[in-house]
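Engineer: Given next are the chains, with one letter for each unit.
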Amino acid sequence: MQTAQNHSPSAESHHRPRVLVVDDDDALREIYVDALGGSGYDVRGAQDGRAALELFETGWIPCVAFLDLRMPGMDGWELARRIRADERWQHVRIVVVAAHFRIDREAAEIGASAWLQKPFDLGRLEQHARTLCDC
Amino acid sequence: MNPLDGRLAAVFDSVADGVTVLDRSGRIQFANDTAAQLLGRSRGSEVVGMSGADLFAEYELLESDGGSLDMNLLPTRRAFAGEDAPEMVVRFRSRNGGGDRWSLIRARLLAGGRTEEDLVVTAFQDITSLKRSEERLRVLAEASAILGESIDYQATLQRVADLVVPRLADWCVVDVLEWTRGVTRAAIAHADPERVTLAREAWVRWPADAARPGAVHEMLSRQAPMLVAEVTEEILRSAAQDDEHLDVLRRLGMGAVLVVPLEARGDVLGALTLVQAESGRRFEEADVELVAELGRRAGAAIDVARLVWETQENARLRDEFIAVASHDMRTPLAAVRGYAQLAQRHLDRGDTPDPGALARWLRDIDGSVDRLTDLVSELLDATLVRAEGAVPLQLTHLHLGDVVREVVSQHEPLAEGHRFVIEVEDPEPQGTWDAPRLGRVLDNIVGNAVKFSPDGGEVRIRVGRDGDMAYVAVTDHGIGIGPGDRELIFNPMYRGRNAGGVAGTGLGLAGSRRLVELMGGAITVESRLGDGSTFTVRLPIEPPAA
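Keeping their order, the protein sequence lines are chains A and B. At position 76 of the first sequence the residue is numbered 76 (the working numbering), and the sequence of numbers has no breaks. At position 240 of the second sequence the residue is numbered 1240 (the working numbering), and the sequence of numbers has no breaks.
Bound conformation, chain A alone:
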């Protein structure tokens, strides 16, 4: 059982756009959560697909999910498939965040809105969050 991390559990969190980071690498998850949290998002982290789905089931649905692909447990491909298959989660935009050689193709195949190949500038993470949460 994986646990979801809550970066800034504040009273006004529901006013801020929700962003989810799914990555099995503890360090990277912390970095992305910290960076997005610092830019005013309601950010949570999940270690794998299962932890992400558990969070969705509580009613915490993000506008953007940043997904790593290769993860132990439920991987990013499976999580993307489940999100796409459930009508409650149709508005969730997916951004693939991975080290993959052919990340563009992987992103297209799972119907992602964008992709970021590791390592990347943290500013790009916020750029995607801003663009995709506004619409």
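Hints listed in this document are in silico derivations from the structure and should not be mistaken for laboratory results. We put the CB at the ideal spot given by N, CA and C, even for glycine. Please note that the accuracy of each hint is not assured.
Stated by the list, open to error - Take a look, some chain B residues computed to stay more than 12 angstroms from chain A by CB distance:
1) Leu-1074
2) Asp-1152
3) Ala-1510
As the list claims (entries may be wrong) - Estimated spans, in silico, between C-beta atoms of each pair:
4) Glu-109(A) <-> Asp-1468(B): 52 to 62 angstroms
5) Asp-134(A) <-> Asp-1351(B): 25 to 35 angstroms
6) Trp-89(A) <-> Ala-1359(B): 31 to 41 angstroms
7) Gly-59(A) <-> Asp-1531(B): 52 to 62 angstroms
8) Thr-131(A) <-> Gly-1457(B): 48 to 58 angstroms
9) Gly-40(A) <-> Pro-1454(B): 41 to 51 angstroms
10) Thr-131(A) <-> Val-1421(B): 52 to 62 angstroms
11) Arg-1222(B) <-> Glu-109(A): 47 to 57 angstroms
12) Pro-1454(B) <-> Gly-111(A): 29 to 39 angstroms
Once you've looked at the hints, dock chain B against the given chain A.
Structural biologist: Just chain B, lined up with the frame of chain A:
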């Protein structure tokens, strides 16, 4: 009323050409022994008085290329019709089998006092061997062209077999030695598709074994052309594995068998088999030479095709290797860059992260750089090992049990169905070895033990000493390795084929063996298919002399 006296007959008997003399009624007035022999008799006197038509009745007369012949074009008839010195090449096909023969026929009218006294003297020059060598050269040239057309040798070998039948033999079979599958039948040709099916079924149903190796396997072990000039009932009986097999072998009607190696660069890559059957033909010395040459050309074609494949496969593996290596490097790089940017942002905002978090970030950066450094060393090792270049060893004094325990501790959390048992002899073997590289080699072997025992079970690792060598023996209870594959698994190509996309930046067994050899040791494997494997790494206690 023989117009020729005995002495003249003796002269004709001594010439190489067959000579006949016919009268207008078509009756043979004279034939020398050679002419009689060309027509399957022994003495000229036997055929005198017979009609020419009766004598030739046993033969089908054809154009040189095998087309049907207009009998009015035969030189004897044309000579009777008044044509001056007609000649032509006629192909004789015996109705009793035995292969075609060619004769250059020349005729000349010996005009008598009256028309009915006219005689025609006909000379038959047997040019069969000339025709056959022409045909052999044509087949060789056409086969070479086919072999050069494509590197898909499975397809070209079948086309070559189709070319050989029926021009050189009634059957043509090509067997190729494959790395992983042993002898495979790449091509089979016969004029009758039903017989091809029968032969294919027999090959599958009664495979050659050690007790009854068959001509192909015998040639492969002797590595030299093998001719069975006459297939006797006795040979069939010794080759048959049971009564039904014997029946099939008899039905195939083999008369003579010629097997030659498919050779390239001193290696035998397979076998080319020609069989004479229903045509009644037999192999001549010149056939053996020609077919051996065909075998060399086919061997060279296979060799080229394999080299091309190997080159492409090497390039593909290298690309894949680089892709995987760069993937593995991106994650720690992302952490280093992420922490640096995060720290910068906090500073820019004037909010200093708390010392606990900062300490953790710095520790993670340091750990990521360690991972990157390891990856670079692995990459370099693998590249150097592949390039057969020098890998400088970094020797330190080590306890072998410690190295093993460290490797196992990394596999334990990932291998849920496996139980690791480590047995270290007392006193624990110590020596001077290259720690990271030895670790990588053992990591590879333990990883394989886990990977190739998919149903889990015990992985036993024994560490001990044997004379002046220390050893680590890793035993699993997995799928095992067949006898034919035991050496092949150390081949870099082999690894590439079955490791696929999960290759990682690992060395593979080929690289592992080379690293161990550089340390003065050796890797050996014992295995039974379906029963698991034991890989043993032996290392000298004393470091190898520099």
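Engineer: State for each hint whether it applies.
Structural biologist: Here's how the hints hold up against the structure:
no. : hint                                           : verdict
1   : Leu-1074                                       : holds, 75 angstroms
2   : Asp-1152                                       : holds, 29 angstroms
3   : Ala-1510                                       : holds, 24 angstroms
4   : Glu-109(A) <-> Asp-1468(B): 52 to 62 angstroms : holds, 57 angstroms
5   : Asp-134(A) <-> Asp-1351(B): 25 to 35 angstroms : holds, 26 angstroms
6   : Trp-89(A) <-> Ala-1359(B): 31 to 41 angstroms  : holds, 38 angstroms
7   : Gly-59(A) <-> Asp-1531(B): 52 to 62 angstroms  : holds, 54 angstroms
8   : Thr-131(A) <-> Gly-1457(B): 48 to 58 angstroms : holds, 52 angstroms
9   : Gly-40(A) <-> Pro-1454(B): 41 to 51 angstroms  : holds, 49 angstroms
10  : Thr-131(A) <-> Val-1421(B): 52 to 62 angstroms : holds, 55 angstroms
11  : Arg-1222(B) <-> Glu-109(A): 47 to 57 angstroms : holds, 56 angstroms
12  : Pro-1454(B) <-> Gly-111(A): 29 to 39 angstroms : holds, 33 angstroms
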